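Visitor: The chain contents come next:
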Amino acid sequence: METLTHILNGFAVSMQPINLWYTFLGVFMGTIIGVLPGIGPSAGIALLIPITYGMNPTSALIMMAGIYYGAKYGGSTTAILIRTPGEAASVMTSIDGYEMAKKGRAGAALAVSAIGSFIAGTIGVIGLTLFAIPLTSIALKFGPAEYFTLMLFAMTAVSTLTGKSPAKGVLATIIGLMIATIGIDLQSGQARYTMGIPEFQDGVGFVVVVVGLFAMAEVLRGLEGLYSGTSAKAMKISGKLWLTREEWKRSIGPIWRGGIIGFVIGVLPGAGGTIASIMSYTTEKRLSKHPEEFGQGAIEGVAGPEAANNSDTAGALVPLLTLGIPGGGATAVMLGAFIMYGVQPGPLLFQNNPGLVWGLINSMYIGNVMLLILNLPLIGLFVRLLYIPQGILYPLIVAISAIGAYAINGSVVDLWLILMFGVIGYVFDKVDIPVAPLVLSLVLGGIMEQSFRQAMTISGGDLKIFYGSAITVILLVMSVISVLLPFIIPKLRALGGSGDPS
Amino acid sequence: MADRIIFVCTLLLAGVYFWATAQIPSLELGDPLGPKAFPRMLGVGLLIAAAMLLAEILRDRKKAKVADAGVMKWERQHWIVVAVAAWTALYIALFEPLGYMLATLIFLAGLTGYFNRGRHLMNVLTCVLFVVISYVAFTKLLGVNLARGIIPF
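Respectively, the protein sequence lines represent chains A and B.
Residue numbers 1 to 502, in our numbering, belong to the letters of the first sequence in order.
Residue numbers 503 to 655, in our numbering, belong to the letters of the second sequence in order.
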């Protein structure tokens with residue numbers, strides 16, 4: 001009953017004019033960030049953190065969440081019109097979406113993305129509302145040992161499930177944790193790995209790492225593509241921005257299934273939007289009566305994956321809000337934002353600050369409605385962004401990153417770090433080392449070390465505390481499974497004999 | 503080839519990290535683990551990652567002998583990445599001495615002039631407008647401090 005009151009109060013919070021405005025600003029910027037290549041939701045949110053400093057945390061977080069789920073809407077536009085996903089998770093949409101555009105059905109492809117995203121996004125938020133409460137009651141039983149094993153599970157899952165090589169995922173995770181150890185150790189007051197640079201005493205800020213790895217690296221890749229002439233031209237929107245009765249009938253099933261697949265995948269750490277949309281695509285292809293149409297412009301191949309990558313965002317917020325543990329790169333940046341505002345997500349947040357949590361969750365219902373309007377009648381406006389010459393766009397992204405980074409401490413060291421991590425991100429991309437695990441472990445590293453040391457202090461130095469309770473044992477077993485999974489799946493596929501190439 | 507370089511770099515990184523960890527002075531008072539224990543675990547983690555990488559290299563070598571060749575080949579367009587990074591480094595070096603407005607203007611003019619060639623009016627207008635509007639918006643409206651440099655306002 002009390003929860004219901006909190007949920008209803010949350011609506012009151014999210015309906016406040018100021019929060020409606022920030023919801024709109026968030027989803028509007030999210031759509032732009034999604035449409036534009038070069039700057040994704042992770043870098044977009046990170047760059048906003050220093051600028052929104054001092055703002056009311058509820059409004060700031062509502063805006064950042066808006067960027068996160070809004071970018072998924074925008075990403076499909078670029079995927080359909082220039083066959084380049086504006087946002088990583090739209091990669092499946094670029095296959096059939098672009099084929100539809102070539103056949104003069106770009107309008108229908110854009111419409112089904114927007115409608116599918118809206119329905120699935122709403123399914124996701126309903127799921128988030130329903131699952132948040134039971135999870136927080138489990139999370140209240142968590143001590144340092146439970147948190148340590150939970151983070152271990154999140155990191156092993158992310159490192160082995162993102163990217164092509166589990167070894168490189170683990171490598172990226174450890175590098176992130178190592179960067180997190182730079183600075184003054186909170187328990188002993190001892191400076192570690194500061195290399196005599198005074199700015200490093202407070203540690204390496206995750207904002208500069210994220211902006212470097214995501215924005216700067218993307219600029220280097222983009223300018224390289226521009227130089228070698230591999231960047232694509234945008235198609236014009238063709239056909240009416242609506243669906244025929246036949247197209248609608250073919251899309252509704254994939255939208256529902258995609259919405260549910262996306263939410264479930266989103267809750268689990270590691271997998272994320274890209275895997276959710278690939279799973280939805282392969283599911284629809286299997287269920288379809290005309291699998292041969294996939295890859296040639298099948299509307300199911302747009303509807304399902306777009307739905308999946310939108311409900312995924314709401315799913316990903318479940319562990320972030322209830323446990324305080326993100327399951328991927330973008331939610332890790334969100335956690336960083338929470339912490340910078342002095343808000344610690346987790347079960348206690350639901351008790352101590354229900355207005356913030358439910359205001360944030362309920363703003364997503366409203367945000368999805370706004371996104372539907374922005375991405376259907378107003379889509380023509382955003383498409384114009386695709387005609388901005390990339391030779392101007394990429395340099396501006398560097399300048400914007402410089403402003404954002406300099407604003408944090410007023411220090412040039414942060415600008416050098418952006419460049420350094422930009423080059424690292426560029427090289428990592430070339431050699432297939434994933435960067436999402438690095439960002440996740442960088443944000444979690446400090447908390448992980450603290451909970452490890454607290455647990456060891458409680459147990460008097462006995463490691464038994466990490467396998468002493470049912471929760472820690474389950475989490476440890478899940479961590480081991482997530483490490484072994486990449487090795488088991490190919491074997492199972494070989495046994496089944498029906499390996500799917502995608 | 504690329505994977506072998508990563509393998510060697512990982513071992514080197516582990517070595518440097520273990521050495522740097524040993525340099526941290528520690529007083530074990532009330533904290534049974536001290537500031538070195540967790541970093542040591544990370545060093546071991548790095549060695550595990552290296553071992554996993556070695557296993558993958560050996561597995562892939564059995565599978566295909568030629569597939570790895572193209573990954574690390576130095577191509578002409580990589581020079582453009584080096585040039586952009588160097589230009590950005592120059593920008594950062596001049597950021598405080600010249601100030602945000604002037605340094606950013608030079609930086610943007612150089613890049614847009616090269617990558618958006620021939621459209622001078624468009625480039626100049628975009629750069630000037632961006633620099634002035636962003637400076638005013640951030641310093642005057644949002645109260646963010648941007649380096650002033652040699653420009654007196």
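Worth double-checking, as some hints may not be accurate.
Stated by the list, open to error - Straight line, CA to CA, 27 angstroms or less: simulated DSS-like cross-link-like pairs of lysine-lysine:
no., chain 1, residue 1, chain 2, residue 2
1, A, Lys-141, B, Lys-565
2, A, Lys-285, A, Lys-103
3, A, Lys-249, A, Lys-236
4, B, Lys-564, A, Lys-491
5, A, Lys-491, B, Lys-538
6, A, Lys-240, A, Lys-103
7, B, Lys-538, A, Lys-164
8, A, Lys-236, A, Lys-103
9, A, Lys-236, A, Lys-491
10, A, Lys-164, A, Lys-103
11, A, Lys-464, B, Lys-538
12, B, Lys-565, A, Lys-430
13, A, Lys-249, A, Lys-141
14, A, Lys-430, B, Lys-564
15, A, Lys-491, A, Lys-285
16, A, Lys-430, A, Lys-141
For the record, the hints were derived by calculation from the structure and aren't laboratory data.
All figures in this text were calculated on a predicted structure; none of them were measured in a lab.
Visitor: State for each hint whether it applies.
Guide: Taking the hints in turn, this is what the structure says about them:
| no. | hint | result |
| --- | --- | --- |
| 1 | A:Lys-141 x B:Lys-565 | violated, 48 angstroms |
| 2 | A:Lys-285 x A:Lys-103 | holds, 20 angstroms |
| 3 | A:Lys-249 x A:Lys-236 | holds, 26 angstroms |
| 4 | B:Lys-564 x A:Lys-491 | holds, 17 angstroms |
| 5 | A:Lys-491 x B:Lys-538 | violated, 40 angstroms |
| 6 | A:Lys-240 x A:Lys-103 | holds, 13 angstroms |
| 7 | B:Lys-538 x A:Lys-164 | violated, 32 angstroms |
| 8 | A:Lys-236 x A:Lys-103 | holds, 12 angstroms |
| 9 | A:Lys-236 x A:Lys-491 | violated, 45 angstroms |
| 10 | A:Lys-164 x A:Lys-103 | violated, 33 angstroms |
| 11 | A:Lys-464 x B:Lys-538 | holds, 21 angstroms |
| 12 | B:Lys-565 x A:Lys-430 | holds, 21 angstroms |
| 13 | A:Lys-249 x A:Lys-141 | violated, 46 angstroms |
| 14 | A:Lys-430 x B:Lys-564 | holds, 23 angstroms |
| 15 | A:Lys-491 x A:Lys-285 | holds, 23 angstroms |
| 16 | A:Lys-430 x A:Lys-141 | violated, 43 angstroms |
In this structure, the hints that do not hold are numbers 1, 5, 7, 9, 10, 13 and 16, in rising order.
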